[in-house]
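Sequence order for the protein chains is A and B. So for the first sequence, the numbering used here puts the first residue at 473; every next one is plus one. So for the second sequence, the numbering used here puts the first residue at 473; every next one is plus one.
Any given hint could be a false lead.
Since copy identity is lost for identical chains, a pair holds within one copy or between any two.
[To be verified] Calculated cross-link-like contacts (lysine-lysine; reagent style DSS-like; alpha-carbon spacing at most 30 Å):
no., residue 1, residue 2
1, Lys-681, Lys-798
2, Lys-566, Lys-584
3, Lys-771, Lys-584
4, Lys-566, Lys-477
5, Lys-845, Lys-771
6, Lys-477, Lys-798
7, Lys-649, Lys-771
8, Lys-681, Lys-584
9, Lys-648, Lys-819
10, Lys-545, Lys-798
11, Lys-819, Lys-649
12, Lys-798, Lys-648
13, Lys-845, Lys-648
14, Lys-648, Lys-584
15, Lys-566, Lys-648
16, Lys-537, Lys-649
The hints are simulated quantities; they were obtained by calculation from the structure and are not laboratory data. Please read these numbers as outputs of a predicted model, since none were measured by experiment.
Number of protein chains: 2
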Amino acid sequence: MTNSKNIIVVGGDGFCGWPTALHLSGQGHNITIVDNMSRRAIDAKMGADSLTPLSSMEDRLLAWKEKTGLTIKFEKIDVAREFDRLRDLMATVKPDTIIHFGEQRAAPYSMKGVCEKRYTVDNNISGTHNLLAASVELGLDAHFVHLGTMGVYGYDDDGIEIPEGYLPVYIPGDNKKIFQRHILYPTNPGSVYHMTKSMDQLLFQFYAKNDHMRITDLHQGIVWGTQTNETRLDERLINRFDYDGDYGTVLNRFLMQAVVGHPLTVHGTGGQTRAFIHIQDTVKCLALAVANPPARDGKVAILNQMTETHTVRALANLVAETSGAKIANVDNPRNEAAENDLRVSNKTFISLGLKPVTLAEGLMDETQQIAAKYAGRCIRKMIPCVSTWTDNQRPGVIDPDNSRAA
Amino acid sequence: MTNSKNIIVVGGDGFCGWPTALHLSGQGHNITIVDNMSRRAIDAKMGADSLTPLSSMEDRLLAWKEKTGLTIKFEKIDVAREFDRLRDLMATVKPDTIIHFGEQRAAPYSMKGVCEKRYTVDNNISGTHNLLAASVELGLDAHFVHLGTMGVYGYDDDGIEIPEGYLPVYIPGDNKKIFQRHILYPTNPGSVYHMTKSMDQLLFQFYAKNDHMRITDLHQGIVWGTQTNETRLDERLINRFDYDGDYGTVLNRFLMQAVVGHPLTVHGTGGQTRAFIHIQDTVKCLALAVANPPARDGKVAILNQMTETHTVRALANLVAETSGAKIANVDNPRNEAAENDLRVSNKTFISLGLKPVTLAEGLMDETQQIAAKYAGRCIRKMIPCVSTWTDNQRPGVIDPDNSRAA
Ligand SMILES: NC(=O)c1ccc[n+]([C@@H]2O[C@H](COP(=O)([O-])OP(=O)(O)OC[C@H]3O[C@@H](n4cnc5c(N)ncnc54)[C@H](O)[C@@H]3O)[C@@H](O)[C@H]2O)c1
Ligand SMILES: NC(=O)c1ccc[n+]([C@@H]2O[C@H](COP(=O)([O-])OP(=O)(O)OC[C@H]3O[C@@H](n4cnc5c(N)ncnc54)[C@H](O)[C@@H]3O)[C@@H](O)[C@H]2O)c1
C-alpha cells in the first residue's frame with residue numbers, strides 16, 4: 473500500500489473499534505489499539521455478556537496474525553487516567569491518525585445512578601481532552617477522528633434537515649439588521665452520555681480553532697449488525713453483540729425478544745424515527761474519514777455517519793416478518809415525542825463512494841448467523857432495562873441512541 | 473431575618489467568594505464555605521501572592537466573629553476529587569442555595585501548558601458536575617447559582633446585544649419555512665478556561681431540563697475593586713488583589729504598572745471593549761440572585777452580571793489621569809479584533825434594584841487604599857504574562873477576561 477499510516481485506535485476492543493482496527497490493518501495501516509478493557513469490566517460487574525463469545529485481546533490478535541499475517545499492537549491504557557503513559561505511547565507511535573472510540577457509550581448506563589453519571593462525565597471528558605492536549609503538547613500533526621452521535625440533537629427539530637458541518641442561523645440584531653452565523657448545531661442531549669458528546673464538540677471547536685488541529689467528528693446513527701468481512705474470518709475475531717438493558721440497542725433487543733419467544737415490545741405507537749448504519753458501513757466510513765482528512769481551516773469537519781432512518785414500528789415489523797415474533801404495543805414510559813420525523817444529510821460519505829448495506833438485506837443474516845446461533849448464551853434477565861432517568865419518581869425520559877424496546 | 477437560608481459557598485476563600493460569603497452572612501443566612509485552598513496553593517507554587525495581605529481562613533473567620541458576632545462554617549473539601557465528603561456535607565447542611573465559585577478561573581493560567589490545561593478541564597468540569605449530581609442524588613431542592621463569564625462569547629458578535637436567557641435564532645428549514653429556536657448563546661471560547669465555562673452551560677441545560685433543578689448562571693464581566701463594606705471592617709478580612717500575569721486582570725495590572733513607575737502597556741489601539749463590574753456589585757448581585765430563584769421550568773436562568781463596558785484604551789486613560797502614569801502603545805501579540813463593540817443586556821439586575829458603582833467613582837479609592845498602600849508588597853517580576861496560547865510559535869491569541877495589559 474502506498475499510503476500506509478500510523479494509526480492509534482482508542483477503544484479498539486469495542487463494538488465499533490475492533491472491526492475498524494481489523495479493516496484498517498487489512499488496508500495496510502500500522503495499527504496500535506489502546507483500550508483499558510473497561511467495557512468488558514462493566515459487563516462482568518453487571519453480570520452481562522456479549523451474546524457472541526469474545527476472545528481475549530491476546531487471542532484476537534493472534535487469530536488475526538494467523539489468518540492474515542498482519543500484526544496489530546495493543547496497549548492497555550486508560551486514556552482518562554493514565555496521561556503520562558498515553559503521552560509516551562503517542563510520542564513513540566507518532567500517529568498520523570488517532571481514532572477515538574474510547575468512551576462510555578450507553579445512555580441508560582449513564583443514567584443508572586450517581587456513580588455512573590460521574591464515571592461517564594469524568595471518563596469521556598478527561599479522556600477526550602487528554603488525547604487533544606497530548607497531541608498539542610507533542611506537536612503531533614495527527615488527524616483526530618472522533619465518534620459522536622446523532623442523539624445529541626434530541627430529535628425535536630422536525631422540519632430541519634440535520635446538516636453536515638456547522639448550522640447557518642440568523643440572529644436579529646440592532647436596527648432590524650439580521651446577522652448570519654455558522655454555529656455548532658444546538659444540542660439538546662437527553663442523557664448524561666449524550667451530554668458528554670455535546671461537551672466533546674466544544675473541545676473540538678476549541679482545539680481546531682486555537683491549535684489548528686484537524687478534527688473529524690462523525691455523528692453516527694445507531695449501529696446494527698455484528699460481523700464485518702474481517703471479523704468473519706475466524707470465530708476468535710467475532711465482534712460483540714450487546715442485548716442487555718443498558719448497552720443493547722433497539723434492533724438487538726428485538727432480535728433477542730424474538731429468539732426467546734417474547735413479543736417485541738414497542739413503546740406507544742413506535743413512531744419514533746431514528747438513524748441507523750450497519751457495522752460494515754461504519755468500518756468503511758472510518759476508512760474514508762482516515763483517507764480524507766479535513767483542511768486545517770480552524771473548523772471541525774462534522775459528518776453524519778448513517779445510512780437509513782426507520783421508525784421503531786417499522787423495525788419491529790421487519791423483525792416480526794423475519795422471525796415470526798408478535799408485536800406488543802406498551803405504554804411509553806419515556807418523555808419523548810410519540811412520533812417524530814428525522815432527516816439527515818449524509819452526502820459526504822455517499823459522495824465518497826459509500827454503498828450502504830440496507831436493513832432489509834442484512835437482517836436475515838443477523839437473525840440466523842447471530843441471534844439464533846448463539847441463543848443458548850442469552851441471559852434472559854439482562855434484557856429489561858432498569859435505569860430511570862430522574863429522581864426515582866419519573867421513569868426514563870428520552871433515550872435516543874438506544875431507543876430501547878423493553 | 474425572616475428568610476434565613478442555608479447556603480453553601482463553594483470557592484468561598486476566593487476573590488468573589490469571600491466577600492459574598494461575608495455579605496450573605498451579614499444578611500442573616502447560615503453560611504458554609506467549601507474551598508480546597510487551591511488558589512493559595514497555585515500562588516505559592518508560582519511564587520506570586522495577593523498584593524493585599526491575606527489572613528488564613530481560621531483568622532478570617534475569627535475576625536468576622538469578633539466584628540459581627542456571626543459564625544461562618546468552613547470545610548476544606550475538593551469538590552472535584554472528594555465526592556463522598558462533598559455529598560456527606562451536602563446531606564448534613566441541606567442547603568437551600570449552593571453558590572459555585574470554585575473553579576480555576578484564569579485564562580492565561582489555563583493556557584500555560586498541558587498540566588494546567590488538564591487541571592482546568594478536570595477541576596472545573598468534575599467539580600461542577602459533582603455538585604449537580606450530588607444534589608440530584610440527595611433529592612435536594614437547592615437553587616444552584618454559578619458564576620459564568622461574558623468571555624465565552626468571544627467578542628465577535630458586533631451588532632448583536634448579548635441577551636439574558638436563551639438566544640432566539642431563525643433556522644431555514646424545508647419548503648422555505650423558517651423555524652425559530654431558543655438556544656444557548658453560541659460560544660466561541662478563546663482559552664481552555666473559557667471552554668470549560670461553555671461546557672458548564674451544557675451541564676446546566678441538562679440538569680435543568682432532566683431533573684428540574686433551579687439553576688442561575690451569572691455571566692459576569694471582569695470584576696474590579698478589592699474591598700466591600702464587609703471586608704473593610706478589619707484588615708484580617710481584606711480581599712485579595714491579584715496583579716500577576718496569570719490571575720491579574722487588566723485594571724489591576726494597569727494600577728500596578730502605575731505604582732511601580734512603568735508605562736501602562738496598551739496592546740495595539742486598545743480598542744478592545746470589555747464588560748466590568750465592581751466587587752461590591754458582584755456581592756449585591758449574588759444576594760439578589762439568592763433571593764430570587766428562578767421558576768422550575770426546565771430552563772437555566774442566564775443573567776448578565778456587569779454594569780459598564782469600557783475599551784482598554786479608556787481604562788488606561790482613566791488610570792493615567794488618576795495616577796499620572798504614561799501610556800505606551802505596543803504591538804498586540806494576540807489574535808483578536810483590534811477594535812470591537814460590546815453591548816450587553818443587564819436589565820434583570822437593574823430591575824431588581826442594583827445601583828452600580830462606576831469606575832470613575834471607585835478608581836481613586838482603589839489607587840490610594842490598595843495599590844499605593846500595599847505597593848511595598850509588589851513582586852515586580854510577577855507582572856508580565858508568560859503564557860502563550862499555542863504551540864510556542866504563536867504567542868497569545870484571545871484573552872477576553874483578563875485582557876491583560878502586559
Ligand atoms: N454503538 C453505537 O450504536 C454507536 C452509535 C453512535 C455513536 N457511537 C460511538 O462510537 C464509539 C464506540 O462505541 P462502541 O459501540 O464501539 O462502544 P463500546 O463500549 O463497545 O467500545 C468502547 C471501547 O472503549 C473502551 N474505553 C472506554 N473508556 C476508555 C478509556 N478511558 N481508556 C481506554 N479505553 C476506553 C472500552 O473498554 C471499549 O472497548 C463511542 O464513542 C460511541 O459513543 C456508537
Ligand atoms: N474575577 C473575575 O473577574 C471573574 C469574572 C468572571 C467570572 N468569574 C468567575 O467567578 C468565579 C470566582 O472567581 P474568583 O475571581 O473569585 O476566583 P478565585 O480563584 O479567587 O476563587 C476561586 C476559589 O475556588 C477555590 N477552588 C477552585 N477549585 C476548587 C475545588 N475543586 N474545590 C474547592 N474549591 C476550589 C479556590 O481555592 C479559590 O478560593 C470563577 O468561577 C470565575 O470564573 C470571575
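For each hint, the structure was consulted:
1. For the identical chains of this complex, Lys-681 and Lys-798 are neighbours neither inside a copy (52 Å) nor across copies (36 Å), given an alpha-carbon limit of 30 Å.
2. Taking the closest pair of Cα atoms, Lys-566 and Lys-584 come within 30 Å of each other only across two copies (24 Å); inside a single copy the shortest separation is 38 Å, beyond that limit.
3. Taking the closest pair of Cα atoms, Lys-771 and Lys-584 come within 30 Å of each other only across two copies (23 Å); inside a single copy the shortest separation is 35 Å, beyond that limit.
4. When the C-alpha separation of Lys-566 and Lys-477 is checked against a cutoff of 30 Å, the pair qualifies only within one copy, where the shortest distance is 10 Å, while the shortest distance between copies is 56 Å.
5. Proximity of Lys-845 and Lys-771 under a CA criterion of 30 Å is satisfied in neither setting, with 46 Å inside one chain copy and 49 Å between copies.
6. In this assembly of identical chains, the alpha carbons of Lys-477 and Lys-798 never lie at most 30 Å apart, being 49 Å within a copy and 57 Å across copies at closest.
7. Taking identical chains as interchangeable, the C-alpha atoms of Lys-649 and Lys-771 lie at most 30 Å apart whether they share a chain (26 Å) or sit on different chains (28 Å).
8. Proximity of Lys-681 and Lys-584 under a CA criterion of 30 Å is satisfied inter-copy only: 17 Å between copies versus 36 Å inside one chain copy.
9. When the C-alpha separation of Lys-648 and Lys-819 is checked against a cutoff of 30 Å, the pair qualifies only between copies, where the shortest distance is 20 Å, while the shortest distance within a copy is 35 Å.
10. When the C-alpha separation of Lys-545 and Lys-798 is checked against a cutoff of 30 Å, the pair qualifies neither within a copy, at 46 Å, nor between copies, at 62 Å.
11. Taking the closest pair of Cα atoms, Lys-819 and Lys-649 come within 30 Å of each other only across two copies (22 Å); inside a single copy the shortest separation is 33 Å, beyond that limit.
12. Taking the shortest Cα distances, Lys-798 and Lys-648 never come within 30 Å of each other, neither inside one copy (58 Å) nor across copies (42 Å).
13. Proximity of Lys-845 to Lys-648 under the C-alpha cut-off of 30 Å is found in neither arrangement, the shortest distances being 65 Å within a copy and 50 Å between copies.
14. When the C-alpha separation of Lys-648 and Lys-584 is checked against a cutoff of 30 Å, the pair qualifies neither within a copy, at 48 Å, nor between copies, at 42 Å.
15. Proximity of Lys-566 and Lys-648 under a CA criterion of 30 Å is satisfied in neither setting, with 52 Å inside one chain copy and 48 Å between copies.
16. Taking the closest pair of Cα atoms, Lys-537 and Lys-649 never come within 30 Å of each other, the shortest separation being 64 Å inside a single copy and 56 Å across copies.
The structure is inconsistent with the numbered hints 1, 5, 6, 10, 12, 13, 14, 15 and 16, although it conforms to all the rest.
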